[in-house]
Amino acid sequence: MSYPNEPLLTGIFSGMICENIPQVRAKKKHRGISTVKCTHWQLNDREVSSEVIEGELIVMHLKTGKYYSSSGTGPLVWACLEAGMSAAATRDFVASCCRVSPQSIESDIDGFIESVAAEQLMRESTAEVDPVPPPCTDPPVYSKPVLQVYSDMKDLLLLDPIHDVSEDGWPMRPTADKA
Amino acid sequence: MDDGSSDGTAELVAERFPTIRLIRQMRTGHPGARNRGIRESRGEFLSFVDQDDLWSPEKTESQVRCLLHDPALDLVFGHIHNFFSPEMTVEDTRRVAAPMNSLPGQLQGAMLARRRSFERVGPFNEFRDVGDFLEWYGRAMVLRLKVHMQPETVLRRRIHAGNHQRTRTDRGRGYLPVLKDLLDLRRRAASRPGIDEPPES
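Residue numbers (this note's numbering), protein chains in the order written: chain L, 33 to 211; chain V, 3 to 203.
Zero decoy hints are in this set.
Derived pair list, reagent style DSS-like, types lysine-lysine, alpha-carbon separation capped at 27 Å:
hint, chain 1, residue 1, chain 2, residue 2
1, V, K182, V, K148
2, L, K186, L, K95
3, V, K148, L, K186
4, L, K176, V, K182
5, V, K182, L, K95
6, L, K186, V, K182
Interface residues of chain L toward chain V, partial, derived using beta-carbon atoms under 10 Å:
hint, residue
7, E83
8, E86
9, M92
10, H93
11, Y99
12, S101
13, Q180
14, Y182
15, M185
16, L188
17, L191
With the Cβ distance kept under 8 Å, some of the chain L side facing chain V (calculated, not the full set):
hint, residue
18, S81
19, I85
20, E88
21, I90
22, L94
23, D187
24, L189
Note that these hints are calculated values from the structure, not bench results. Cβ atoms here follow ideal geometry from the backbone N, Cα and C, with glycine treated the same way.
Working from the sequences, and respecting the hints, build out all of it.
Right under this line is the structure:
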């Protein structure tokens, strides 16, 4: 995937000046600095659920019935993107956290983002954000983040979401009976 | 199985269907109720239906025939059709994004299992609020049970307003620990000789 605006973008960890970050916009107002619009990533939260369980990222797409996993550096990259960080900011943060050079991991991060976008787990957005980076305590040893894709339970996952009985049980009593 | 109902269902069944063996218990949830029913049951085949769904009149006969025809077959499923429960308002039905066409029904209600095959997989996990059948079916796949999907519709599944009180994503979140456990189970199985790697698409 190519990022046509990417050369203009720099992360908040490499002196980014994004006008859609509130603090930057405030500074711009006072100091007259020039800014660019930054593209970041937004979870497709109407159709996607995700959680890191025992260090492994597990994601499910409710509309396609596919599910995904990623270990190693994947959960950290996902957390950066979910926080609203741009590709460049994610690269710089992961590099700093895992103590590797940003240049050496750039194509890995782009590849991971390409997979995430291709599977429609996240969408590009230029909405106003104020990203808070994920914690960098106990960082993983850097490994290429890979999104593994599974579709073997598709039929079952696409059926199941509408079948749970509600807390009210079945059949639901008319409202007047409940009172 | 009457899993602690308080709306008169058990009394109604006892009165109207005296030949049915009714077992009542304190509420344990779906997996616990099904497991108790399995323990109490006898016979070569197992099938399940929830109180709000409808089997087709032909389901049992056609699925038993299927299992008798192929002794190597472990589980047989059929297709399902969703339908809106009559008390739903038009507004309710508009809020529901349920497919109304025939679907392959990998659900308990659309399944007939050979008892010995079911017992190889083991009981439903009673600690699961969500996804107990997903986990059970995943365990069955690790054991490479032989499964057949019938093209006929065997279950009409009732869609009612109560199905949708929680959002899809909330419900999806409930499946994530199940999927994690399934992936771990497959990895452990794959590390044993003769078992394939987890299927990745």
